[in-house]
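From just these sequences and the hints, can you work out the full model?
Okay, here's what each chain looks like letter by letter:
There are 8 protein chains.
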Amino acid sequence: MHRENNADHGRFKRQGFPEAVYAPGKPAKTVISICRKLAVSEGPVIVTRAERALFGSVKRAFPKAVYFERAKIVLVKAMKKKAISSGYVCVITAGTTDVPVAEEAAVTAEALGAKVRRIYDVGVAGVHRLLEHKDAISAAKCVVVCAGMEGALGSVVGGMAACPVIGVPTSVGYGVSFGGVSALLSMLNSCAANVSVVNIDDGFGAGVIASLILKGSKR
Amino acid sequence: MHRENNADHGRFKRQGFPEAVYAPGKPAKTVISICRKLAVSEGPVIVTRAERALFGSVKRAFPKAVYFERAKIVLVKAMKKKAISSGYVCVITAGTTDVPVAEEAAVTAEALGAKVRRIYDVGVAGVHRLLEHKDAISAAKCVVVCAGMEGALGSVVGGMAACPVIGVPTSVGYGVSFGGVSALLSMLNSCAANVSVVNIDDGFGAGVIASLILKGSKR
Amino acid sequence: MHRENNADHGRFKRQGFPEAVYAPGKPAKTVISICRKLAVSEGPVIVTRAERALFGSVKRAFPKAVYFERAKIVLVKAMKKKAISSGYVCVITAGTTDVPVAEEAAVTAEALGAKVRRIYDVGVAGVHRLLEHKDAISAAKCVVVCAGMEGALGSVVGGMAACPVIGVPTSVGYGVSFGGVSALLSMLNSCAANVSVVNIDDGFGAGVIASLILKGSKR
Amino acid sequence: MHRENNADHGRFKRQGFPEAVYAPGKPAKTVISICRKLAVSEGPVIVTRAERALFGSVKRAFPKAVYFERAKIVLVKAMKKKAISSGYVCVITAGTTDVPVAEEAAVTAEALGAKVRRIYDVGVAGVHRLLEHKDAISAAKCVVVCAGMEGALGSVVGGMAACPVIGVPTSVGYGVSFGGVSALLSMLNSCAANVSVVNIDDGFGAGVIASLILKGSKR
Amino acid sequence: MHRENNADHGRFKRQGFPEAVYAPGKPAKTVISICRKLAVSEGPVIVTRAERALFGSVKRAFPKAVYFERAKIVLVKAMKKKAISSGYVCVITAGTTDVPVAEEAAVTAEALGAKVRRIYDVGVAGVHRLLEHKDAISAAKCVVVCAGMEGALGSVVGGMAACPVIGVPTSVGYGVSFGGVSALLSMLNSCAANVSVVNIDDGFGAGVIASLILKGSKR
Amino acid sequence: MHRENNADHGRFKRQGFPEAVYAPGKPAKTVISICRKLAVSEGPVIVTRAERALFGSVKRAFPKAVYFERAKIVLVKAMKKKAISSGYVCVITAGTTDVPVAEEAAVTAEALGAKVRRIYDVGVAGVHRLLEHKDAISAAKCVVVCAGMEGALGSVVGGMAACPVIGVPTSVGYGVSFGGVSALLSMLNSCAANVSVVNIDDGFGAGVIASLILKGSKR
Amino acid sequence: MHRENNADHGRFKRQGFPEAVYAPGKPAKTVISICRKLAVSEGPVIVTRAERALFGSVKRAFPKAVYFERAKIVLVKAMKKKAISSGYVCVITAGTTDVPVAEEAAVTAEALGAKVRRIYDVGVAGVHRLLEHKDAISAAKCVVVCAGMEGALGSVVGGMAACPVIGVPTSVGYGVSFGGVSALLSMLNSCAANVSVVNIDDGFGAGVIASLILKGSKR
Amino acid sequence: MHRENNADHGRFKRQGFPEAVYAPGKPAKTVISICRKLAVSEGPVIVTRAERALFGSVKRAFPKAVYFERAKIVLVKAMKKKAISSGYVCVITAGTTDVPVAEEAAVTAEALGAKVRRIYDVGVAGVHRLLEHKDAISAAKCVVVCAGMEGALGSVVGGMAACPVIGVPTSVGYGVSFGGVSALLSMLNSCAANVSVVNIDDGFGAGVIASLILKGSKR
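These protein sequence lines are chains E, B, G, L, W, X, S and D, in that order.
Our numbering puts the first residue of the first sequence at 1, with every later residue one more than the last.
Our numbering puts the first residue of the second sequence at 1, with every later residue one more than the last.
Our numbering puts the first residue of the third sequence at 1, with every later residue one more than the last.
Our numbering puts the first residue of the fourth sequence at 1, with every later residue one more than the last.
Our numbering puts the first residue of the fifth sequence at 1, with every later residue one more than the last.
Our numbering puts the first residue of the sixth sequence at 1, with every later residue one more than the last.
Our numbering puts the first residue of the seventh sequence at 1, with every later residue one more than the last.
Our numbering puts the first residue of the eighth sequence at 1, with every later residue one more than the last.
Since the hints were derived computationally from the structure, they do not count as laboratory data.
A few of these clues could be false.
Stated by the list, open to error - Just some of the chain X residues that point at chain W, by a computed CB distance under 8 Å: (1) T30; (2) G123; (3) S155; (4) S171; (5) G173; (6) S177; (7) G179; (8) L185; (9) C191.
To be verified - If you want the footprint, here are the derived chain E segments under chain D, 3+ residues with CB under 8 Å: (10) 52 to 65; (11) 161 to 172; (12) 194 to 201.
C-beta: ideal position from N, C-alpha, C; glycine also.
Shown next, in the form of structure tokens:
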């Protein structure tokens, strides 16, 4: 018989971050079975886009599992925590509806040992709200910007930071926001050269990259 | 025989702005012949996207014609100038390469009797450059924002102005700027509610609308 | 702890129009809490895309709140009404299914002190219906055109008005209407130079801009 | 050896219209050789999108060939002319730059025996220009509408005609006209039910269909 | 108060076909009220995309109303039937799932007095099935082709008919059929010059055009 | 120093077909240097999309090089020819302008030892031309179909063949052919299940796959 | 009356594979009636995308019918099994969520007499998992690669196989995976020349082509 | 008079990298004048996409300017070099035609003080070429991957590296590569979570980000 579940449990050792279990469309049984395989590694075991009901099932199999409601993350098994850097990641959102994506990034980064500073609801239509946080942004080791609609926040923050900025376009908006595509295009076209971009709503990816930057950084 | 040139010479009287002659693809002879028809109106006669060579030909037919090099506009016949308002339009660009589009807007608005204040090269990657002009923007009766790439300037200015803001996406950029489409989408998705948008590089349209707003405004 | 709700309550003072509360996806509790913050301002407090059920909840918190069913707007707190201009905005639709978007625009403009004249169901496939309203259109200070499908109404009205025309493409249609994108493209390509465009179904934005034009206008 | 030129010389007999020779990219030699094959049929032989230089070459091989400059058509061999109907086709354009496409349609229809009435430069931004031709449009057996930019003319004419209307979107415009795609979408979404559409700039197709409608019509 | 329902009851007299009532999103009350207005005309009154439940309501108001289940059409009021031509329209489908769209076209054409011949499920992957109907196609006055997926049937039928062919792309398919867009593009690109195209799933439009062609045709 | 040219000379041995040298944008010097590396393998060395001028240069370095003008292929070094199968590939085109792509496929397949049968200019608008070749198609081991515009030929041939059919969409067409995208979508949506597709104009890929199918086939 | 169900029961004889019954949107009655027609052929009768409930109904009509749960295939009638080749097809997936599509391909190929070897969950983010299967891939007669998201597996496998590779993009992913379009584009652009592609999620097509390749192959 | 050139000379101090001068479309005079403004900063002055002719002009104004031919970069003024880290950036390409973009990234990073290791022409169609460099990739502090066509290299490298990977899609390819869009989508959809992406051909941006990562890293 063929083996179908090949979860890459060596990823944490090889790369410093684990394979995540993307929950949508997977039955609880499958999620748990993949978690078991991944748990042999010393890295954290993370389930993303998990509804509360799924957490219930996972919790029975892994009693130490913790649920982050807004991030929709189940942290099945934590890393032996030690901060990977004395620096921090700034996670910023344009509006309140971008927060779930931001939390996915923040909780992921924290699970991988990063310190996170959250600055939420500071969209550019009232740019004074953002400028209040100038010092926190300048001193960050990495910034994650989550914004939907026109995604302009990426460029404005990009022009303030002295570190890599990771843009996470979100699917917030309507009409020609095209489910996040407009924000994505904005961030890719950013006139600030230090901005790179991940897939729409991909808070997990942003959190992983932020943690890698902090891990490699001067203490 | 059929009549092919039906230039709408009544437009200025009916609507307060003239039909423009869009030069690309029209032989000088045709341009001049259309200008002749339009000149019966009391409004200005404007040729847009005109190369210098075309201006030479037009000048021979209309000795008072004036050429605006960066705007690529030939003002074939001016209005009897009287300022239509004591207020002014702000025309703003993100970069220096957006200037030709901005000049098309500014020269058009001026030809229609508006006062114009230009603020160029104040892109959001260095947002302090824009904030220096806060008072000029707050006091404007209308703002025209010309930006390519990610077009984020539209939203930031939109959040500063107390009047209608007209976004003109420009075809400046490369890769996924898609010839101005990304900037267009940004401006349409703007989180600032006072921003409306015209076609890519359509400085003429923006200039017309700005002049109509000023014309209707309190002196 | 981080603060997540940064509602921009200074917007009315700074810009002459308030931040709207976009209801979809926000729990009643959140909507009410944002409304509380915004209510410190002297401007109106407006909730858009609100279902009747939400109105029920809001009404308990703000007994003076009023619901505009077709506009799906809750006017939580009205401005101390004084007409901002002796002129009026024309709000026009191509069909009856475009009316909800038109009402969002009209109610918004009225909440901001503008007089509104509604002309509905005058699509171009029977252009005589539109021509009957020629005088009302000619005398308007601003026109808002709401149309889906091919959005041709924008250009025809654009050629009749002597003021700025704001096109609101609606998501009415099927097949290659692409949820409003075809109407949007039509309006952006309009051969009438006085037409600018807002996002698909964005009645609120059109209402804000119309009120700003009237506010700035000669009495 | 394989035979590469399989020109469908039976098409006129089978279908009432001939295969056209689309000139771009074909050497004069090839064009002439295909024309030779097609000339065995009793239908006309038509070369489309032909530059004047190509006409020179074709003329040497077919001394009776005639060139229609604006239509860019070489009529290599005419039909034995007899009018196919006492009715006529109206060919209408929005602007002067749409005329070459309109001429391709008109000359094609004429080559196939139809009477044609041309109404050019009657775009909807000045709808009075179109309304002057109301009677001519009402009495037509078929109408061909050529328009670029937003293509709104299709719907307005569609609402006036009592016969099938064939929309030919043209590649006239800039920015989001997308080389004719916006006009195409407008015409496909037309709120007038009697409008069908052919490919961008496809005057030949429109001319063929118009001639078929006239041919089948009551005398 | 403003009047919102402007149903164009003069359309049948002016153009030979009525305004249809597109049912989706309209309450029964509205549908009935529009039907009342349209019923003053001598043309048929047609409701499209109507579910059976809506028919129930309409039937109570118009006891003579008839429901065509597969076409989803309610014929509220019939024309005083007299065949408009001795010729017929061929309505052809590629598969069985295209039949509802074909029936919308066929029933519409019949309601407008045309004779219809149906040829269903003759897709090109087994082209012999289509060729069996060669004579019926050759003798038609107009052909309507309904096809989804790759829409190739349009071109093959286009090469067989001696009359105008109206392509109706359907939303049948999955993956890159993009809800009918691929079939639409195929039909617009058809190598057969006698094919024009209407919007995706627009059986009503095709039926109207077919009836106009037959009406104008020699008896 | 870093080594930049890593031509995969083991590909023929490993996979049965060589890496091709895609000429556009590469100076003659680079092409020749890559050919030298590839020539160590026992497979053929093929340069695609080569202009005649480039062939001149290559010929000086490899005196046995042969140029296939219509295919734009330089066969720098031939395989020790032995037919890989007693069967043959059919290469079919819709029109004459698709022939260069077809020749790229045919010459590639021949260079890899396949027998090829060419059937050109048999587009579906005159389907009788195709049906004449029914027996040749039925007996083929593999069919390559090259078509632009609506690409309908793929489905019709797909319904006739008893073997895999490889669709090669070509960039032939104008307007909504979108440089081959419409043909590509048609072929991917083919209602014939035995059709798979390669990139637009990718004759080389089709030739390689055809040769692999023949090579694996029963003699 | 017209006949609507024209199931192509001669396809197996003519082409070596049957018409499949695509279940979505067809009532059980229709599915069974089409199966009856197809059952006269000696080929297998296959229903694709079938839910378990449909299987219940089919089973009552065809007691020998078998259901393949993950493939969502009902094999209504099997072929008289005899292996068509001593070789095998490799069916490979990038992730576990691609398995249903892979099973549609595998079960189809098996129903048509092919031997299948499954290699699942070997995505390129851990390329060592794929390299373990190098020998199985090298020895295959045909490879089917099912992958969503970025579809990179197609190219990597394409570079390892010595036979045709059929890419099946799957709709697995989110954000800019665009329901499989990104994977499709990747596979069409593959730098490995032996990769051709079928529609998104079209496991059936891939299974048919794979079986045709094996059937034609040396034993 | 208005001031048009607002070059952001404070960017290096504020953010650690300079504003670049993007040469296309700017006259030499403008380029030089902007360089003069930027030269007051202590950072390097970099002109990108510069043709050799432009270098000639710049060299006269800045005799120490250096030209990097393949990168098309003029380094007008170097930083006082000191390596910013003992680690290095890996810059990797799929093919030889991706090298100019890679060089833009590499030269930019070097100008900002980073050590760079180049690994070119290691595309995934021969994955063994990439695997030879496994150790170099594992030990990098940052990896930049430049690839066109299907961009699959991003995911494969992403699965090997223990640091952030920056994908630079290149415009290399034809047909459905859509000028780099396919590669862009692949990289954004990457199944490796450590990959973020910049605009098509944006080597400069990738170089800046890589240098920021190294600068922040442990020595």
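A quick look at each hint next to the structure:
1. T30: violated (36 Å)
2. G123: Holds: closest Cβ of chain W sits about 5 Å from G123 (chain X), inside 8 Å.
3. S155: holds (4 Å)
4. S171: violated (12 Å)
5. G173: holds (6 Å)
6. S177: Holds. Min distance 5 Å.
7. G179: With a minimum Cβ separation of about 12 Å from chain W (threshold 8 Å), the hint on G179 (chain X) is violated.
8. L185: holds (4 Å)
9. C191: With a closest approach of 4 Å, the C191 (chain X) hint holds.
10. 52 to 65: Contact hint for the region 52 to 65 of chain E vs chain D: violated, 0 residues under 8 Å.
11. 161 to 172: Coverage by chain D holds here, the residue count being 5 at a Cβ distance below 8 Å.
12. 194 to 201: holds (count 6)
In summary, the numbered hints that this structure violates are 1, 4, 7, 10.
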